[in-house]
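Q: Take a look at the letters that make up each chain.
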Amino acid sequence: MEDEKAFISELLDPRTQNEAFRKLIRMYQRPLYAHIRSIVLNHDDTDDVLQNTFVKVFQNLHSFKAESKLYSWIYRIATNEALTFISNRAKKAGISNQELKEQMISNLEADVDFDGNAIQLKLQQAIAKLPEKQQLVFKMKYYQELKYEEISEILETSVGALKASYFHAVKKVEDYLNSH
Amino acid sequence: MKPFDLQNDPKITSGFKTPDKYFDTFEDRLMQKLDLTKQEEIKVLSLWQRKAFWYSGVAAILMIALGTWMYFTQNSVEEMIFPSEYLAHESDITTEEIAVYLTDEDIAAIENEMNVVDETTETYINEYLN
Chain A
1 MEDEKAFISE LLDPRTQNEA FRKLIRMYQR PLYAHIRSIV LNHDDTDDVL
51 QNTFVKVFQN LHSFKAESKL YSWIYRIATN EALTFISNRA KKAGISNQEL
101 KEQMISNLEA DVDFDGNAIQ LKLQQAIAKL PEKQQLVFKM KYYQELKYEE
151 ISEILETSVG ALKASYFHAV KKVEDYLNSH
Chain B
1 MKPFDLQNDP KITSGFKTPD KYFDTFEDRL MQKLDLTKQE EIKVLSLWQR
51 KAFWYSGVAA ILMIALGTWM YFTQNSVEEM IFPSEYLAHE SDITTEEIAV
101 YLTDEDIAAI ENEMNVVDET TETYINEYLN
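One line per chain: the protein sequences are A and B, in this order.
When you number the first sequence by full-length UniProt numbering, it's gap-free, plus one each residue, and the end is 180.
When you number the second sequence by full-length UniProt numbering, it's gap-free, plus one each residue, and the end is 130.
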């Protein structure tokens, strides 16, 4: 925690800010990329959202409250950016978020940055059928292997509720995979 | 076919891949973008500052105009008739009537004051108040 305080001070000090922010990028670029990619699916869109996430982090560092951990704050910004991206795109296309996600999954087959097999693709389809919150919890737990406590801080939901949500999500996904 | 059991089966990975060297170049690309964002913020700020300069100019002119107007209207106060002059020149109220509203101490104090008035004042009192 003391290390984090010192790191935040470096991020806020104009003399050390650039170097500290480069360090932050190196620390978070890969896990955040995986998190955002699991939501927006396509590489180019992930790149846009990831850049916007870091820009937002940079612009709002001064308002970061040490009540939450830095990583959960950054993950929260990334999650909001990714979900907002989906909503905006769906709105522009005049379709629901759910319909957009199904379209995005059908595009995956032709995506050069997706080399998944039939089962991987079917798993994506199964996840897309879940309610939005369950999708998030499932992806964070199953793909990114985050701990419940970490997900709880990021999504600001109790661990108990997350466990229940994940349990239901797994059941629905298994049912889908077994019946399709 | 064996039913899926996500908790116990080997993990099904996402199947996503990233273009070669994406993470090697991401840091520099992002820092460039941040520099651009900072420059845009400065431009927006300077435009606001230019606006603020004009707003403060307009506010200053308004203040001067208001001040000038108040200065000239204030002079007309001199033309007002003050209550003391009114009582001395315009009123039918007699000294006795005023004395009703004064205490004995007030009257004694006035008498004391009147004892030290100069001749001009005494003439004035004799001519106008009696």
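Because the hints were derived from the structure by calculation, they are not lab data.
Heads up, some of the hints might be wrong.
[To be verified] Derived CB-CB ranges, DEER-like: (1) B:Asp28 / A:Glu132: 45 to 55 Å; (2) B:Asp35 / A:Asn178: 26 to 36 Å; (3) A:Arg30 / B:Ala59: 46 to 56 Å; (4) A:Asn18 / B:Trp54: 51 to 61 Å; (5) A:Phe64 / B:Ile42: 17 to 27 Å; (6) B:Tyr71 / A:Gln51: 29 to 39 Å; (7) A:Phe64 / B:Tyr71: 46 to 56 Å; (8) A:Thr84 / B:Lys17: 17 to 27 Å; (9) A:Gln51 / B:Leu66: 15 to 25 Å; (10) A:Gln51 / B:Asp5: 31 to 41 Å; (11) A:Asn42 / B:Trp54: 45 to 55 Å; (12) B:Ala59 / A:Asn107: 31 to 41 Å; (13) A:Thr157 / B:Ile61: 17 to 27 Å.
Computed from a prediction, not measured in an experiment: that's the story for all the values here.
The beta carbon of each residue, even a glycine, is placed where N, CA and C say it ideally should be.
Q: I'd like to know which numbered hints this structure contradicts. Please list them from smallest to largest.
A: 1, 2, 4, 6, 9, 12 and 13
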